[in-house]
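**Q** From just these sequences and the hints, can you work out the full model?
2 protein chains.
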Amino acid sequence: MNKEQFFIHKYFSKLSLNKQSLNLKNDAAEVDFGRNKIVISTDMMIEKIHFFKNDPPELLARKLIRINISDLAAMGAKPYGYTLNLAIPHRNASQWIKKFISGLEKEQKNYGLKLFGGDLSKSEKIFMSITIFGKVSKGIHLMTSAKKKSDIYVSGNIGDAVFGYLCENDKKYNFIKNKISISSLKKLKQRYFLPKPNLELSQALVGYADACTDISDGLISDLKKILHFSNLGADIYLSKIPISATLQSIYKLFSDKKKFWELVLNWGEDYELVFSMSSKKKKVFEKNKTHHKLFKVGSIRNDRQINIYEKDLTKIKLNFSGFSHF
Amino acid sequence: MNKEQFFIHKYFSKLSLNKQSLNLKNDAAEVDFGRNKIVISTDMMIEKIHFFKNDPPELLARKLIRINISDLAAMGAKPYGYTLNLAIPHRNASQWIKKFISGLEKEQKNYGLKLFGGDLSKSEKIFMSITIFGKVSKGIHLMTSAKKKSDIYVSGNIGDAVFGYLCENDKKYNFIKNKISISSLKKLKQRYFLPKPNLELSQALVGYADACTDISDGLISDLKKILHFSNLGADIYLSKIPISATLQSIYKLFSDKKKFWELVLNWGEDYELVFSMSSKKKKVFEKNKTHHKLFKVGSIRNDRQINIYEKDLTKIKLNFSGFSHF
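From first to last, the protein sequence lines are chains H and G. Numbering of the first sequence is given in this note's numbering, commencing with residue 1 and proceeding in unit increments. Numbering of the second sequence is given in this note's numbering, commencing with residue 1 and proceeding in unit increments.
Treat the hints with caution; some may be incorrect.
Where chains are identical, the list cannot tell them apart; a pair therefore holds if satisfied intra-copy or between any two copies.
The calculated lysine-lysine pairs, modelled on DSSO-like cross-linking and capped at a C-alpha distance of 27 Å, are [said to hold, decoys possible]:
{"no.": "1", "residue 1": "Lys37", "residue 2": "Lys138"}
{"no.": "2", "residue 1": "Lys149", "residue 2": "Lys315"}
{"no.": "3", "residue 1": "Lys106", "residue 2": "Lys25"}
{"no.": "4", "residue 1": "Lys224", "residue 2": "Lys149"}
{"no.": "5", "residue 1": "Lys37", "residue 2": "Lys109"}
{"no.": "6", "residue 1": "Lys259", "residue 2": "Lys196"}
{"no.": "7", "residue 1": "Lys19", "residue 2": "Lys99"}
{"no.": "8", "residue 1": "Lys48", "residue 2": "Lys172"}
{"no.": "9", "residue 1": "Lys122", "residue 2": "Lys25"}
{"no.": "10", "residue 1": "Lys240", "residue 2": "Lys257"}
{"no.": "11", "residue 1": "Lys25", "residue 2": "Lys147"}
Since the hints were derived computationally from the structure, they do not count as laboratory data.
**A** Shown next as structure tokens:
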């Protein structure tokens with residue numbers, strides 16, 4: 001449990017003794033406003049913590065919407081609307097806002113999302129947050145209901161975002177930047193700024209996956225939440241983690257392979273799904289929904305252990321502090 | 001129109017071309033989640049803009065909830081639940097959060113409010129925001145529907161909060177601080193930190209008031225929004241503005257009476273209601289809901305002028321730049 005989760009568990013959970021909050025153990029709340037259930041989630045992006053002062057406002061807006069959409073994907077909900085909080089420095093506010101707005105506009109169209117309202121203020125540092133509303137059709141995914149004997153899946157390539165970030169911002173990783181093509185580098189950065197929450201798969205998985213979340217803090221860190229809340233463990237196989245062709249080349253550049261995997265599995269911002277599903281449900285899912293690609297990366301254990309295995313099936317000990325905003 | 005409103009009108013309104021947003025012309029959105037309509041509003045408090053680093057966390061939490069409750073009062077809605085964003089420095093986070101939580105807990109009880117979820121992060125400066133949800137029973141108040149010939153009312157004393165703030169934080173106002181009793185000073189500060197949104201009156205006024213909002217930016221500034229959106233003007237009588245006994249003493253200490261009224265009418269944070277109502281509706285309201293006290297401060301004009309009158313009914317020109325967060 002990282003410090004953020006510790007604070008939430010220790011202090012905030014006693015304020016949320018209502019069924020709508022789902023005990024703060026999921027990616028969002030599920031609120032019953034009359035006939036329809038609505039998934040509600042909120043996420044912030046703060047200067048110097050989540051991004052840099054000079055990052056393009058349009059990309060920040062797009063990322064802000066997408067990371068919030070990803071929380072809806074984690075729950076299997078459909079985008080509906082959002083409210084926005086934005087605080088920015090006074091200087092060049094007009095220019096900055098204009099660009100920010102164009103990013104919001106693009107993503108509203110992409111996701112069929114409505115802006116309901118918001119609050120605008122000046123501040124020394126840039127701060128932004130969205131509260132997002134999703135509609136529920138058949139049901140939602142929980143993080144508390146992974147089942148013994150289920151397998152563990154991810155929805156797509158892991159680790160591109162971390163290298164997009166590191167190549168851009170950390171000189172230590174120039175050994176990578178200098179060896180990969182400009183177009184590959186651009187793709188990695190794209191994954192960092194413009195994650196693609198897999199809404200369609202997530203909704204398709206409702207009724208099939210027994211637990212699901214989105215990878216925002218790192219594959220292992222987010223999987224750990226599912227396992228913790230479900231009181232289970234996992235076996236994970238490195239050879240089965242899907243990585244892009246660019247990451248396969250980057251892997252070769254690392255003399256310390258452990259370090260490579262620690263970055264890939266621990267850094268987060270992939271915004272792919274990680275979920276568990278029984279082999280029986282998997283068969284039915286594949287029969288009914290054939291066009292989705294799933295990547296099986298391991299399986300659930302009955303005890304609380306999390307084991308990571310090398311290609312040769314020897315256990316490997318990786319350093320997983322897990323990303324925390326504290 | 002201040003800069004905040006200018007930005008909202010110029011840039012954000014085109015993103016909100018949906019009926020739920022009420023064209024961003026009100027204190028909140030009204031969203032139809034199935035059978036029930038829900039009022040949604042969001043408000044931020046940012047270090048150095050809305051409060052100081054060392055302000056007591058418990059009071060900040062209580063104020064944060066109350067200013068958001070005030071947006072529900074502006075709309076005539078009933079408190080239901082909220083989501084929270086909180087970003088604070090790493091240092092002493094645990095102690096700070098503990099106190100903050102105790103403030104939230106008190107106000108959740110006061111207002112029968114549920115915490116649905118939230119997001120927690122570290123940051124250099126303290127940042128907090130709430131998105132609040134209110135239930136609608138008979139209907140809501142709008143700011144766009146003030147009527148010709150209606151009178152203008154406020155729900156209670158104006159101006160205590162500004163002097164609570166100034167006596168605490170601005171040495172220029174020591175001439176007041178040194179002349180009033182400690183208990184009076186305490187009351188003023190209380191009004192600054194713990195506003196009392198008038199939910200009961202607001203709900204009672206649904207169907208009677210033709211336009212209503214809460215005073216967060218200043219009586220005149222918020223009234224101006226109603227008048228602007230309703231395409232009307234107003235006559236306001238200083239002698240009719242309700243002020244506390246303490247403010248009556250403070251008034252006597254001012255050699256520049258204009259300055260006194262500029263502070264009282266322009267500074268904001270009163271979190272009382274300002275609304276318009278016809279004399280006919282007023283009579284029915286008083287017959288049906290006798291225990292509410294209303295303060296008539298003026299009346300609607302058919303043109304777009306806003307006139308302020310002295311006791312002797314001469315017009316007075318006050319400097320109303322209106323508080324803006326930009």
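**Q** All hints, please: hold or fail.
**A** The hints, checked one at a time:
no.: 1; hint: Lys37 <-> Lys138; in the structure: both (10 Å within a copy, 22 Å between copies)
no.: 2; hint: Lys149 <-> Lys315; in the structure: within (20 Å within a copy, 81 Å between copies)
no.: 3; hint: Lys106 <-> Lys25; in the structure: between (32 Å within a copy, 23 Å between copies)
no.: 4; hint: Lys224 <-> Lys149; in the structure: within (17 Å within a copy, 64 Å between copies)
no.: 5; hint: Lys37 <-> Lys109; in the structure: both (24 Å within a copy, 25 Å between copies)
no.: 6; hint: Lys259 <-> Lys196; in the structure: within (26 Å within a copy, 55 Å between copies)
no.: 7; hint: Lys19 <-> Lys99; in the structure: between (40 Å within a copy, 25 Å between copies)
no.: 8; hint: Lys48 <-> Lys172; in the structure: within (19 Å within a copy, 36 Å between copies)
no.: 9; hint: Lys122 <-> Lys25; in the structure: between (33 Å within a copy, 20 Å between copies)
no.: 10; hint: Lys240 <-> Lys257; in the structure: within (15 Å within a copy, 77 Å between copies)
no.: 11; hint: Lys25 <-> Lys147; in the structure: within (16 Å within a copy, 49 Å between copies)
Hint violations for this structure: none, all hints satisfied.
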